[in-house]
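So the sequences go chain by chain: F and D.
Here the first sequence stands for residues 648 to 1334, where the numbers follow our numbering.
Here the second sequence stands for residues 648 to 1334, where the numbers follow our numbering.
Hints should not be assumed to be uniformly reliable.
Since copy identity is lost for identical chains, a pair holds within one copy or between any two.
Lysine-lysine pairs mimicking PhoX-like chemistry, simulated, CA-CA at most 25 Å apart [as the list claims (entries may be wrong)]:
id : residue 1 : residue 2
1  : Lys941    : Lys736
2  : Lys688    : Lys1258
3  : Lys1238   : Lys1258
4  : Lys921    : Lys704
Derived from the structure by calculation, the hints contain no laboratory data.
Protein chains: 2
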Amino acid sequence: MKTIKIFPLLIIFFLATSCKSQKNHFRHNLMPVPRSFKIEKNKFVIDENFSISVTDKANRRVNVATTKFLRRLSDRTGIFLKNGFAYNKNEINQPDLKIKFNRPGKLEINENESYHLKIEKNKISIDAETDIGVIYALETLLQLIDYDENGYFIQAAVIDDRPRFTWRGLMIDVARHFQPVEVIKRNLDAMAAVKMNVFHWHLSDDQGFRMESKTHPELHLLASDGRYYTQDQIKEVVQYASDRGIRVVPEIDVPGHATAILTAFPELASRNRKYMLERNAGIFNPTLDPTNEKTYRILVDLFGEMAALFPDKYFHIGGDENEGKDWDASIKIQLFMKQHALHSNHELQTYFNIKLQKILSGYGKKLMGWEEIMTPKMPKTALIHSWKGVNEGLPAGQSLINAVKNGYQTILSNGYYIDLMLPASSHYLVDPIPEHARLTAIQKARILGGEATMWSELVTPLSIDSRIWPRTAAIAERFWSPKEVRNVRDMYRRLEETSFRLEELGIMHIRNKDVILRKLANNQSVDALEDLSDVCEPLKIYTRNKGGTEYQSFSPFSLFADACTADAPDALRFSNLTNDYVAQANASAKKQMLKMLKKWSKNHEIFRQLKQNPMLKDIEPLSVCLSDFSSITMKMLNGKKLDISEINQAYQHIKKQVADVELALVKPFKKLIKNYARKNKLKIKLN
Amino acid sequence: MKTIKIFPLLIIFFLATSCKSQKNHFRHNLMPVPRSFKIEKNKFVIDENFSISVTDKANRRVNVATTKFLRRLSDRTGIFLKNGFAYNKNEINQPDLKIKFNRPGKLEINENESYHLKIEKNKISIDAETDIGVIYALETLLQLIDYDENGYFIQAAVIDDRPRFTWRGLMIDVARHFQPVEVIKRNLDAMAAVKMNVFHWHLSDDQGFRMESKTHPELHLLASDGRYYTQDQIKEVVQYASDRGIRVVPEIDVPGHATAILTAFPELASRNRKYMLERNAGIFNPTLDPTNEKTYRILVDLFGEMAALFPDKYFHIGGDENEGKDWDASIKIQLFMKQHALHSNHELQTYFNIKLQKILSGYGKKLMGWEEIMTPKMPKTALIHSWKGVNEGLPAGQSLINAVKNGYQTILSNGYYIDLMLPASSHYLVDPIPEHARLTAIQKARILGGEATMWSELVTPLSIDSRIWPRTAAIAERFWSPKEVRNVRDMYRRLEETSFRLEELGIMHIRNKDVILRKLANNQSVDALEDLSDVCEPLKIYTRNKGGTEYQSFSPFSLFADACTADAPDALRFSNLTNDYVAQANASAKKQMLKMLKKWSKNHEIFRQLKQNPMLKDIEPLSVCLSDFSSITMKMLNGKKLDISEINQAYQHIKKQVADVELALVKPFKKLIKNYARKNKLKIKLN
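Chain F with its partners taken away, still in its complex shape (with noise of 0.2 Å):
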C-alpha cells in the first residue's frame, strides 16, 4: 500500500457535497466516494444513439461489463438503445463512449484498479490501465445517472480514482446455511458495484462441507445434506467473480469447527466418539488429530483439488476458536506433543499449521488463517486475519496492529461483522488503520485492508441480502475512499439511493421484506406490518439466538425479525428529525415528527384487523408499544401536561424485546422525555 496523498481536487468535491446552498450546487450518490472528483458546466444527455467504444472488444471482462452497462442503461432509462453492444475501437467514429485501457488486469493484491472518467457535454471518455478500471468506470457512470421530467443524463465532471486498499472483501459463510450459486452470483454483482474485489468463501464449518470433493467424495456426501456446490458450479462462480474483477479465496475452516469433515472422517477425529453435523450454533469441541498422518493425506488431496479449483494465491485455513478441549483429554495427543516438545496446544496448533503451510506452498499458495494462527513460531509469509475484538473481551483489531508489527501481512474483520445487526455507522467509522496505533508507514503498509463477514447462523438465501446489504456498501466506502470521507449523515443519505440501485443487480433486499410479511399476514394486507416493520430491528449481538440453541439449522428464518432489518428505515428517519427537533427546536422536523407519530398511533387498529395467527399474536405487543408510545410523544411535541409515570412506564415498554426484535425509538424516545422534561421542569430519570 503506498501512502495516501490527498489531491486538492478533494477538497473542491467536499465543497460540493457539503454546501446545500451553493450555487450550481451539485449532490451526487457516489459510493464508494472517489479519490477525486471535479464538476464541470454542461451535462451529457443520454439518448438512443448512445454508443459505446472499447479498445478491445475481444477482452472478456470489458465485453461482460458494456453489455451489461447498456442492459442496466436501457432499463433504467428506459430508452430504446439501438446499440445493445459495444463496438471495437475502429469500427465506430464518434462514440459517445470511448473506453481506453492498456491491458487485462491481474487478480492478484496491489493491481491497478484506477480509472480516470471524463464526462463532457458530448462524449465521455474511461481511461484506464486494466480492464479491472473500465469496471469501476462504468459502475461509477451508472451511479451519475441523474433525470428531470425531460430525460436522462449525467454532469459534466472528471473523475480520477483509485482505491485506498487492495483488499475489499466479503465473507460468506455458506456451511452454516448454504447459499446456492445465484445467492452468490447477484451478491458478487453487488460487490462489483461498490467495488470489492474479494470474495471469501466459507466453505466448510461444523454444520455442513459444502464443496464437492472428488478425492474424497464422502465429505460433500456424507457432511452436507446434500447442499453444496459441484466442482462445475465452483468453476462457474471463479469466472463469474473474475469477469468482475473479483477474487475468490476459499476457507476450510480446520482444525476446529471440523464436525463436518469429521461426520465424513471420525478415524481423523482427536476423540473417538460420533460425529453428526451440528445443528445448532456456538463453539464446538470436534477437531481434527493433528498427530494423526492421515488428517495430513486428507488435507494434501483436499487443498489439491481446491488449488486447481481456485486460482488465487491466497488460502484460508481458518484456524479459529480451536479450545483444544479433545486435545487435552486425549493420552495420544498429549504424549506425542511431549515427544515433540509442544508445550502448550499454542505449540501443537502451530506445528499443525506449519505443515499446512507447507502442503499450500507446494500448490503454490500462501496461507491465511483468522488471528488465532499469529502463534510465535508461525513465519511471516502468513496472512492474519483479525477477527476479535470488544465482543470477545479484547480492545477492538489489537491482532491487527500486532501482526503487522510482528511483520505480518494482515486484514481487519473485526468492526465488520455485519451479522451483529448494528448499524451500518458503526462499521463504517472502523477505520482499517487503527487511529490510536502508532505504526510506522512500513507497518501500515502491511495493512490490505478488510472484509465484511457474513455469518450465516440465522439468514437463509431468503434474508441474507438484507443481512449483507446495504450496509456493506458503507464498509466498501471505507475501504475505498480517503479515509477524511467519514459523514455519517451524508453516508446514509447516499446508502439509501445505492440500496435502491442494488435491486437492479437482482439483490433481494427489498423486496423480499414484504415476501416475509405477506407470509405472516397470510396474504392479508401487509400495510400494518409494514409501517411496524420500519421501525424495528432484529436483535443485535447474537442475543436473537441465547447460547446458540433457540434456532437451529432448520428453525423458521421467516419471521418478523427476519423482515426486519438493522438501521430501521423510519426509525432512523425519525431519529434524525429529532435531532433537529431538540437541538434547533425546528418546526419543520416537528411537523414531519407529528405526521409519522399519527401514523403510528393508528396502526394497532389496522393490525387488529387482520384475522390473526399465532406468528401475528407474537409480535402484538409490539404494535401496541408502537401506537403508546406515539400517543405520549404526539402529546409531549404538542405541549399537553403528562404524568411522569405515564411516561416511564412507556419507556420501559419500548425497551422491551419482543418475538426476536426491538423498536429503534428508544435513543429518540428518551431525548424526547428529557427535552419535554428540561422544557417542563420536571425530574425524571430514565434507565
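For chain F, the structure is supplied; the task is to place chain D on it using the hints.
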C-alpha cells in the same frame, strides 16, 4: 390415457366447494382440484413434534421432497420443528405423517402418478405406487394447511388423486431472451407445486443458440452473445427436474428459426448471405439447407450430445413456420427437389424430418415437432404438437383432431399461449379434448395432454415469472383435474391463494412488480403506481410489439407494461362487483365499488406529486383516465345526472392504449353505462 371415471366422491367435493351457507362448510384452496376429495370431521393440529416416516429414506426424490416439505412447513407456520428431516420407517414408532410407496417412478408417459392421502385427527398417511405420487401428495398437503389464532391445522379428509392427462407441460423459450439456471429451477419448483410434469426447453431460435456444444462449439460461442447453458448446467437442471418428477424435453428448432445456427455455420444455409443473430421478433427466412449433407453431419453430432444429456424419450425438432422462401430462391435446392421427386416444400421438409427421425431413432429417441411436421408421409411414430388456431386463421386446435384421426399421438398448445397476455379464464376453459370433435376412445387416448408456452420476445428474468404465473396454475388444473371442474369464479378464488403460495418457492411474480415500479419512480413512493398498475394490463395478442420490431432483444423490459399483468387484480375485482351489482342490485357490491372508485379518483393527485421523468410522463394519460372514469362512475352509481357526451368521452378515453397497456375497466364500464342508461331511459350507443 384411460377413460375418465368420475367417482361419486367428486359430488361431495362439488357440494363442499359450492354451498357457501352449508353447515360444516369447508372451502379448500386446492389447485389442481383432486379427482376425489372427502371431508371428514376433526382436524390434524400441527405442532413442534411433527414427524415423518418414509418407506425408504435413501430414495432421492422422497428425501428431497420431505426435507423441502419440512422447511416450507416450518417457514409457513413459524413453528420450530424438532425434526428437520424424515425418518426411515424403522427408526420411529408413531410418526405424524407416514409415507409409503412401492418404487421409484420412471420419467416417461403414462407412469403412475397417483396418490392416496388420508388426514385424521392424530395422523396423516400418504400411499402411492411411486415416489412421484408422494411428491404430489406432499404438495396437496401443503395446500391444505389452514390456521386460526391458536395455530395451524389441516382439515381431516380423504383424497384419492391421479391426473387426467399424462403430459402436463410448460415450454420456456430461452432463445429470444436467455433465462439463467435459477429462473428455470424456480419454475420447476412451481411446476411441481401444481403437479406439472414436462419442462419443454426451447433452446434454439433465430435470436440465439443456448446450449454448449462440445462437438461444434461455434454454436454457443458465435451464436449466443455469451448467454448459454453449459452442459454441466443442463445436467444440473435435468437432475433438478427429475428430483421433482419432471421430464425435460429439449427442442432445437429446424429447419426454420435457424438464424442462430446459421450465424455459427453459414455454409448450412439455403441461401448464401451474411448471417447474424436476429434482434427482432417475427418469422424470418434463414433456413437450413436440407440438400446439404453437412447439415445432417452436424445435426447427428449435436443430437448425439443432446441425447446423452437429456434422458427423455422425446426430442422436439421444432419444424414450425418454415415459409420456404429461401428454398424457392435456391436453384440448387430446386434441382434437388426435381431429382428426388419432391413436389413441394412440404415434401422437402418431410424428407428432412424423416432423416432427423432416423438420426433420433438411432439415439433411442422419438421425434416430436410443431404441427407443421404432420405431412402425409410423416411416420406415425412422430408426436404432433398442435399450436395453431384463430390467430393463425385456423379453427382452434384443428391439427390436434387431424393428428389423432391420422393416428398420431399429440399434445395441445393452442389455447395455452400464455405470452398472449390473455386472462387465465380463457386458457382454463380450453380442453385438450375439443368438445365438438367426435373422436373414438382410441383417438382420444392419443391426446396425451398439453403445454403452456412461454415465448420470450418480451420477457427477461425480471418479468418472466409474472407472465407464467399464476395463469399457468389454471392450465395445470385443466391438465390434471376432471374435465367437469370448470367454475371460473372458483378457479380465480383458488388461483389467488395459489399465486400467493408460489412466492414460497422463490417465484418472483409478486415481488418484482414493486421493483419495476420503484425503478420507474426513481425510488419515490410507489403507492400511486401500484394502484394504477393493478387496473392496467399489457396489450394482448402480440399488439404490444407491432411488427416485431418495436422491441428488440436489448430493448428495455422494465417499463410500466412489464409491471402490469394479465388479469389485473383490482380490475378483476371491480368487474366481479359490477356483475353482482348490475345483476342483483347488490348493495354491498355497490359500497365496495364506491370505495375503490373513491381511491382511484384521488390517485392522479398522488401521481402528480411525484418528481416526473419521461417514463412517468408516458403513463400520465392512464392516470388521468382512471381518475376521470372513477369520477363519472361514482356519479352514475350515486344516480347523479350526467351528460351523454361526457359519458361517451370518458368511454372513448378508457379504450385508448397508452404506453403499451390498456385500462382493464372497459367491460365493467360499458356494463355500468348500459345499466345507467336503462335506469335513466337514456339512449347511448357505445362502440
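Evaluation of the provided hints:
Taking the closest pair of Cα atoms, Lys941 and Lys736 never come within 25 Å of each other, the shortest separation being 57 Å inside a single copy and 36 Å across copies. Taking identical chains as interchangeable, the C-alpha atoms of Lys688 and Lys1258 lie at most 25 Å apart only when they sit on different chains, with a minimum of 23 Å there against 58 Å within one chain. In the homo-oligomer, the alpha carbons of Lys1238 and Lys1258 lie at most 25 Å apart only across protomers (22 Å), although the nearest pairing inside one protomer, at 34 Å, exceeds that limit. For the identical chains of this complex, Lys921 and Lys704 are inter-copy neighbours only, at 21 Å across copies versus 57 Å inside a copy, given an alpha-carbon limit of 25 Å.
Violated hint: 1 only; the structure is consistent with all others.
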